[in-house]
Amino acid sequence: MKYPVRLVLILVILISSAANIASYVRTTVSLGIGASIQWNLNNPDTRIVSNGRITYNINSAGSDNLPFSDVENAIMASFRTWEDVPTSSVAFARGPNTSSTSTANDGQLQIFWIEDSTSTIDGLNLAGVLAISRLSNYTSGLRTGEILDASLIFNGKEFNWSVNGATNSADVQDIATHEIGHIIGLGHSPIGGATMCPRSLIGSKLVRSLAEDDRIAVSASYPVSGFLNSTGTLRGRVRDNTGRNIFGAHIVALNTDGVAVSGALSFDDGTYTIQGLPPGSYTVYAEPLDPVSGAYCSKYDVPGYFATLFTDFQTSTDSQVFLSAGGVTNLDIAVNRGNADFDSYFVSDSTGLAFRNISLPLAQGTSNVSVGVSGPGIPQGASISFTGSGITILKTYFRTIGSGYTAVYADINISPTAIPGARNIVVTSGNQRTVATGGLEITTGNGTIPGLAVVSSANYFNKVAAESIITAFGNTLATQTATAAGNTLPTSLGGTTVRLRDSIGNERMSPLFFVSPNQINCQVSPGIQIGPASMTVTNGNGVASTVNVVINSVAPGIFSADSSGSGAAAAVVLRIKQNGTQSYEPAINYDPALKRFTTIPIDLGPSTDQVFLVLFGTGLRFRASLPTVSIGGVNCQVTYAGRQDSYVGMDQINARIDRSLIGRGLVNVVTVVDGTAANTVTANIK
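Numbering that gives the first Met the number 0 puts the first residue of the sequence shown at 0, with every later residue one more than the last.
Bear in mind the hints are in silico, worked out from the structure with no lab data behind them.
Treat the hints with caution; some may be incorrect.
[To be verified] Estimated spans, in silico, between C-beta atoms of each pair:
#1 Asn-540 to Pro-378: 33 to 39 Å
#2 Gly-106 to Pro-591: 37 to 43 Å
#3 Thr-627 to Thr-580: 24 to 30 Å
#4 Asn-163 to Asp-121: 54 to 60 Å
#5 Leu-593 to Gly-140: 41 to 47 Å
Where is the CB? At the ideal position from N, CA and C, for every residue including glycine.
With the sequences and hints as input, model every part of the structure.
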């Protein structure tokens with residue numbers, strides 16, 4: 000599924016197992032079988048494939064947000080993007096429009112929106128997910144992995160859609176291009192900036208076009224005659240200094256311009272293969288994926304074959320290799336065993352004030368812009384650098400950000416002639432380093448960074464509710480950075496104001512928590528009616544940005560400990576003794592050894608104790624009925640759901656923990672308010 004984190008939406012296919020036999024992550028049949036999934040364009044046992052082309056059918060209802068002509072043009076353009084790769088034989092054909100909204104194996108590649116529910120008529124759940132690609136394939140025999148049927152479903156219930164990069168809407172062509180990559184058998188790429196990278200900004204159009212990693216992936220999967228003979232192959236094995244084979248190391252090849260061209264994950268025997276690399280010289284290294292969900296390049300973003308991959312090793316030193324056309328170059332890579340002392344989990348936006356688990360796109364010719372990375376253990380005095388030429392570092396410095404992590408920054412200029420592509424951000428201290436692979440994406444022209452997007456501050460979904468806490472991302476939103484002092488919030492902060500106007504003409508100024516040039520945290524103005532509204536941000540120089548939003552009665556979001564919208568809930572435990580005395584206990588802790596937030600096991604105590612998990616969120620105070628809270632799959636009694644009066648816009652849910660959960664350990668906490676699901680967080684039951 001896709002879980003938004005700091006305006007970041009993770010795109011994941013329904014089939015969750017994957018492995019890689021080439022220069023990218025390929026979808027595979029099962030957790031234990033390495034056979035790749037792809038279409039047989041020459042000998043199909045499906046009427047979807049005809050004359051070497053994969054036929055797709057678009058539901059004529061399209062999207063409620065768009066004329067059907069806009070929908071079909073965007074989807075056709077997405078298919079053309081993959082078909083236009085000259086070194087790939089994959090091809091598509093437009094079939095007749097349909098009225099079906101079924102994901103059953105019906106011999107058609109159906110493409111449709113669901114608008115009235117987050118589930119399809121046959122039970123496929125898209126709650127919190129922009130889109131899902133469903134594949135059916137042979138799982139045994141000589142044709143193992145051959146795709147027989149597919150569907151592509153867009154979530155129109157929870158998300159708005161556009162074809163012009165509107166900042167409060169997902170871009171049809173952007174998301175469809177990513178999902179079509181899944182439909183042809185590609186998994187997620189850990190290289191930032193790739194179309195198959197699992198994250199994208201709402202309103203972005205960046206992944207409408209393919210990165211080199213994507214082009215190599217589709218070409219190696221569906222090669223034209225002569226492709227493999229005209230390119231080089233890199234293979235080898237990754238071991239640590241004890242001789243252990245490393246499972247799930249990310250091996251990356253950089254070209255002489257410092258661009259991350261392609262990468263692969265190593266199998267459980269430590270072996271890897273990268274096919275389809277253009278002949279020439281490369282810098283190669285192996286790195287661990289991040290061990291926690293929601294980080295920049297997490298092990299949870301790659302498919303299930305790699306569920307038990309290793310992260311307890313350090314990024315290798317660089318190796319230099321030369322690849323010849325049609326040749327195979329062997330490179331074994333040695334890494335040091337043991338967790339690194341520091342890691343880069345997040346990359347900043349162009350102000351350096353907001354951190355996200357996604358690459359930062361900057362246009363050629365950009366000057367005096369801040370770029371930073373943050374994560375556990377980054378020491379004061381660490382150095383920051385970028386791969387390739389055309390990037391000039393003006394100065395470097397450090398800050399401590401809200402998560403408690405240290406961030407290291409560089410103010411940089413990008414040359415107008417800098418080679419576009421995915422550049423690495425490297426943090427080094429002593430003999431260790433961490434790499435945000437593809438963390439800086441140099442784009443041509445002005446790029447396609449969205450102007451203004453509004454999301455829930457708790458989970459970064461683009462559905463917001465009356466009086467909820469929201470975050471706006473954009474450009475030139477403020478002339479300075481300022482934070483409100485105390486709990487009485489101003490409506491003007493650092494010269495910036497936010498005005499909401501509803502459909503009946505009411506105008507209200509929003510209470511402001513925080514303003515910066517690229518991010519504002521505020522509350523939906525009390526008194527604004529439910530329904531369509533406009534939001535106008537005016538900075539201290541009088542520059543205004545306006546976006547249309549929809550104010551819902553509920554849009555539940557649950558705050559997490561690390562502010563990512565996932566992982567450990569930002570919660571406390573309420574214990575009521577038999578004699579009526581009450582006490583509060585922590586449910587989370589920041590572990591300096593692990594350098595992250597962890598859950599504290601909740602002891603339910605004697606049967607006479609009533610123990611509640613107290614969740615903090617936003618967007619639920621105008622609920623029609625009590626929420627349902629499922630802890631570890633067990634529906635628990637909710638005794639309160641409403642305002643948390645000590646903090647503007649904050650809501651609270653008290654859920655009594657069922658004693659059947661004793662001993663369950665780490666469990667998911669799923670909250671549904673008036674039929675709308677919040678983001679999933681976790682708790683730990685002793």
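>> If I claimed the Cβ atoms of Leu-593 and Gly-140 lie 41 to 47 Å apart, would that claim hold in this structure?
In response: Holds: the Cβ-Cβ distance is about 45 Å, inside 41 to 47 Å.
> Regarding Gly-106 and Pro-591, is the given constraint of 37 to 43 Å on their beta-carbon distance met?
Replying inline: 57 Å, violated
> Does the Cβ pair Asn-163, Asp-121 satisfy 54 to 60 Å?
Replying inline: Given range 54 to 60 Å: violated, Cβ gap about 33 Å.
> Between Thr-627 and Thr-580, does the beta-carbon spacing fit 24 to 30 Å?
Replying inline: The hinted range 24 to 30 Å holds for Thr-627 and Thr-580, with Cβ atoms some 29 Å apart.
> Is 33 to 39 Å right for how far apart the beta carbons of Asn-540 and Pro-378 are?
Replying inline: Taking Cβ atoms as reference, Asn-540 and Pro-378 lie about 38 Å apart, which means the hint holds.
Checked against the numbered hints above, the structure violates hints 2, 4; every other hint is satisfied.
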